[in-house]
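Here the structure of chain A is known, so what remains is to put chain B in place on it, guided by the hints.
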Amino acid sequence: MLNTLAGIIASSGGAAAAANDYESIATVTVGSGGSASVTFSSIPATYQHLQIRALVRDDRAAAINNMTFRVNGDTGANYTQHALYGDGSSVGAFGNASTNLTYGGFIPSASATASVFGVTVIDILDYANTSKYKTFRVLSGFDANGSGGVRLYSGLWMSTSAMTSITFDSETAGDFVQYSSFALYGIKG
Amino acid sequence: MPSTYTPIATTTLGSATPTVTFSSISGTYTDLILVFTGSNATSNNGLRLRFNSDSGTNYSSTYVYGNGSSAASSVGANTTGGQIAVDINSTQATSIAHIMNYSNTTTYKTFLGRGSSSGTYADANVSLWRNTAAITSVTVLLGGGTSNFSVGSTFTLYGVKSA
Chain A
1 MLNTLAGIIA SSGGAAAAAN DYESIATVTV GSGGSASVTF SSIPATYQHL QIRALVRDDR
61 AAAINNMTFR VNGDTGANYT QHALYGDGSS VGAFGNASTN LTYGGFIPSA SATASVFGVT
121 VIDILDYANT SKYKTFRVLS GFDANGSGGV RLYSGLWMST SAMTSITFDS ETAGDFVQYS
181 SFALYGIKG
Chain B
1001 MPSTYTPIAT TTLGSATPTV TFSSISGTYT DLILVFTGSN ATSNNGLRLR FNSDSGTNYS
1061 STYVYGNGSS AASSVGANTT GGQIAVDINS TQATSIAHIM NYSNTTTYKT FLGRGSSSGT
1121 YADANVSLWR NTAAITSVTV LLGGGTSNFS VGSTFTLYGV KSA
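Top line first, the protein sequences correspond to chains A and B. Sequential numbering from 1 applies to the first sequence in the working numbering. Sequential numbering from 1001 applies to the second sequence in the working numbering.
One chain only, chain A, in its complex shape (with noise of 0.2 Å):
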């Protein structure tokens, strides 16, 4: 349990995980086409917590997006979420009650800085218990040396389902590029 916990501490605060406690699942990079979308399927409920580790870019006509994810293809109303955020000059916070999607990343597009990827680390708790719903948090950002952002976010999925998938997705109009990459991890209790 004291493993478990510090591995997700681990994320945004804490000691490490042992090593035994966290292991890697899947992977998926993103090749030369570029994906509308990428979907983690089949998760096995054999651990306690995941987390997702991203580097991630995408080619919307624009400086920024978000990416979004979806747990279970669940495009129903079903999602809350808060965020906390600063862009270098100001600071602000925003929530959305019953969305059909929560924020996983905060992304640069393709009039960004070439070469600028956004990173992001999602820790997603109990994602296998079948008695509550189920509760995301997201530290994410990209700088462009004078431009950028950094996010916290946090999320909910209002299902007590066994999550066995998630969906991430561009917000607005756009494909993950060329050596995005997703990661997978798996935590044990």
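Careful, some of the hints might be misleading.
What the hints assert, rightly or not - In the DMTMM-like style, the derived pairs of lysine to aspartate or glutamate whose C-alpha atoms are separated by at most 20 Å in a straight line are:
#1 LYS188/A x ASP74/A
#2 LYS1161/B x ASP21/A
#3 LYS1161/B x GLU23/A
#4 LYS188/A x ASP126/A
#5 LYS132/A x ASP74/A
#6 LYS188/A x ASP21/A
To be verified - Covered stretches of chain B (in silico footprint by chain A; criterion: 3 or more residues with CB under 8 Å from a CB of chain A, positions within the stretch not fixed):
#7 1013-1025
#8 1114-1127
#9 1151-1162
To be verified - Residues from chain B that face chain A, not an exhaustive set, calculated with beta carbons under 7 Å:
#10 TYR1005
#11 ILE1008
#12 SER1073
#13 THR1105
#14 TYR1108
What the hints contain is simulated information worked out from the structure, not anything from laboratory work. Here a beta-carbon is modelled for each residue, glycine too, at the ideal position from N, C-alpha and C.
Structure of chain B alone, referenced to chain A:
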């Protein structure tokens, strides 16, 4: 499933020193995670990283922070290190930094840092090293590198490898 999250090296300071460097880092892993706990023996400075001994103005950072009564966001462009915590002072502080896809030779390197400094700030930082080279060394420093870390400050580097 392959286990990962492997300790690579740990340093605990026996004397005050301005920099700590992890060198000869192999490309075995996907991401690096640096865990810092310690304090500043000299002044108040941001906690920064440099890579591959590059002390040029090739870094930049964007960060958001709260001090107990207000929140703000700032940016640093063309700096000599990328920030992973807003303020390290004489009281204990922590930072966890995520250096993502550190060994790829295609993208600039983006890294995240969550800093917590007792009595001053809680903060989140994202930084960029404008270089596509694989990272083989990580240097941790305070501000421009003239302040010293206190005795007992601890630095641990982990490697995470994806399937």
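Right, here's what the structure says about each hint:
no., hint, in the structure
1, LYS188/A x ASP74/A, "26 Å, violated"
2, LYS1161/B x ASP21/A, "13 Å, holds"
3, LYS1161/B x GLU23/A, "9 Å, holds"
4, LYS188/A x ASP126/A, "10 Å, holds"
5, LYS132/A x ASP74/A, "16 Å, holds"
6, LYS188/A x ASP21/A, "5 Å, holds"
7, 1013-1025, "violated (count 0)"
8, 1114-1127, "holds (count 6)"
9, 1151-1162, "holds (count 5)"
10, TYR1005, "4 Å, holds"
11, ILE1008, "11 Å, violated"
12, SER1073, "3 Å, holds"
13, THR1105, "10 Å, violated"
14, TYR1108, "5 Å, holds"
Checked against the numbered hints listed earlier, the structure breaks hints 1, 7, 11, 13; every other hint is satisfied.
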